[in-house]
Amino acid sequence: MGRPLTKYVAGICVALGVSVLAQQPVTLFTTQDYRKDQDRWADPAYYLHNTARELTDMQVDNRFGQKGSGRDQYDIQSPYPFKTSMEHYQAWLKRANGGSRHTLATLPDWDGMWNAGATWLGSNNIQASTIAAALTPQYREYYVQQVKAEAEGRHWWAASYCLPDGFIRGLTRAEQFLVRPNQVVITSDMLSGVNVRWVFTDKGHRPEAQQFPQWQGESIGFWDGHALVVHTNQLHAWNATHSMFEWSDQMTAVERYERAGNELRMEITLYDPVAFVQPLHATITYTRATGDERPVFSTCSDTNGPSSNIFTGPDGITNERVKGDPGYWDPNDARPWATHYAIGEKAQQRR
Amino acid sequence: MKTLAAVILSAAILAIAGGAQISAHHSHAMFDTSREVAITGTVTNFVYRNPHVFLFVDVKDEKGQVQEWAVEMSNISNMERRGIYRSTFKTGDTVTVKINPLRDGRAGGNYTSVTTADGKTLD
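Protein chains in written order, with the working numbering: chain A, 151 to 501; chain B, 2 to 124.
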């Protein structure tokens, strides 16, 4: 008598369980095909309220598919009315009456080593959904592909492959500002390389016919009193990694740096009509180091080894890999992370 | 490839909780952060370079066979903050290193702490 009843109750429980599961909205962690979830990509619940950093660390922290903190501490939309970075730059130049002329004696003192403070550009305390919502449909899809891979531990980080970190990550590590009358040089010890930006304050951008994408872009600037305003264009399309966004080679930026006591306060507005729904904005406060901190010149290949395309052959002669060779690195691959993610996605489809 | 258990004479599974999270220039997905293993052996080399410092340690297994373990550490700035300098390890030093081992069982891992030849534990 007891056994049929037990079976009956168990059957109801299973049915209820299946029913409850069927009603659960699909998430990044349960989806069979994230490309079919477009209507959920800007919903915090799709990512279980995880921040970008929480998704990146999820597999390593052994918390795959767990609910996140829901922290979303930044307004990432630009507060300015400008449609383009050049419109923005020119408006600020006009407001500064054409810019301040300085000699070495009148330039501000920005000597020393500076440590960057918290920013959403460093992937902390910003929900993945907030970033997704700021991107155009194509770049939103790229983003969801990236965060799914990151959450599953299929990380693609540029420096892992001895590729440049790119413009965005360099901002979060700027350490020295060498101020001269004709330029400001910004350097960053990136651990796997050294970033250098030259901000020319005595000239404009190179003629359009001579422009080309560069890892740090080309920067020009002017002084507004003791504040430095910078315009950057010619940026190489790249990926900020760590569950952040991709940008196109149309991205441009306006930055403003000004010292306040022991802090150097920076704000940046990013314009990219291809990748962003509207201009994005971030602030970073650099604090002057008080200890004996010194930058180190580093190269990724110090521990990762030399270029994968150049190798020493068994005959001792330097040789190079070409397309089709094992280990070949394709310099024509504009989105190498997508190639990396596709390998994992194909493996998942085979399972 | 020998299994982790067979290779390490002095290994001890110490903790289940995730190990220390150290900022890295590459993914740590290849390390098993749910396990911490201690290896004791002799330093063969200490590579003090960015982006990652490496400590190489010869470890004997129960059959007396020696295998070199590659212990990945953090970058130079982080090492200095932890009091680990180029002079901290010398070839021939006996050390005990706690690591999150490579998931596939090869002789390598990401360090969480190290006990030097003179008995100091640094993490």
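No wet-lab data here; the hints were simulated from the structure. Heads up, a few of these hints could be off.
Unchecked claim - Restricting the straight-line Cα-Cα distance to at most 25 angstroms, the calculated cross-link-like pairs of lysine to aspartate or glutamate (DMTMM-like) are:
| hint | chain 1 | residue 1 | chain 2 | residue 2 |
| --- | --- | --- | --- | --- |
| 1 | A | K496 | B | D59 |
| 2 | B | K91 | A | D452 |
| 3 | A | K353 | A | D452 |
| 4 | A | K217 | A | D183 |
| 5 | B | K91 | B | D59 |
Violations among the numbered hints, reported as their numbers in ascending order:
1 and 3
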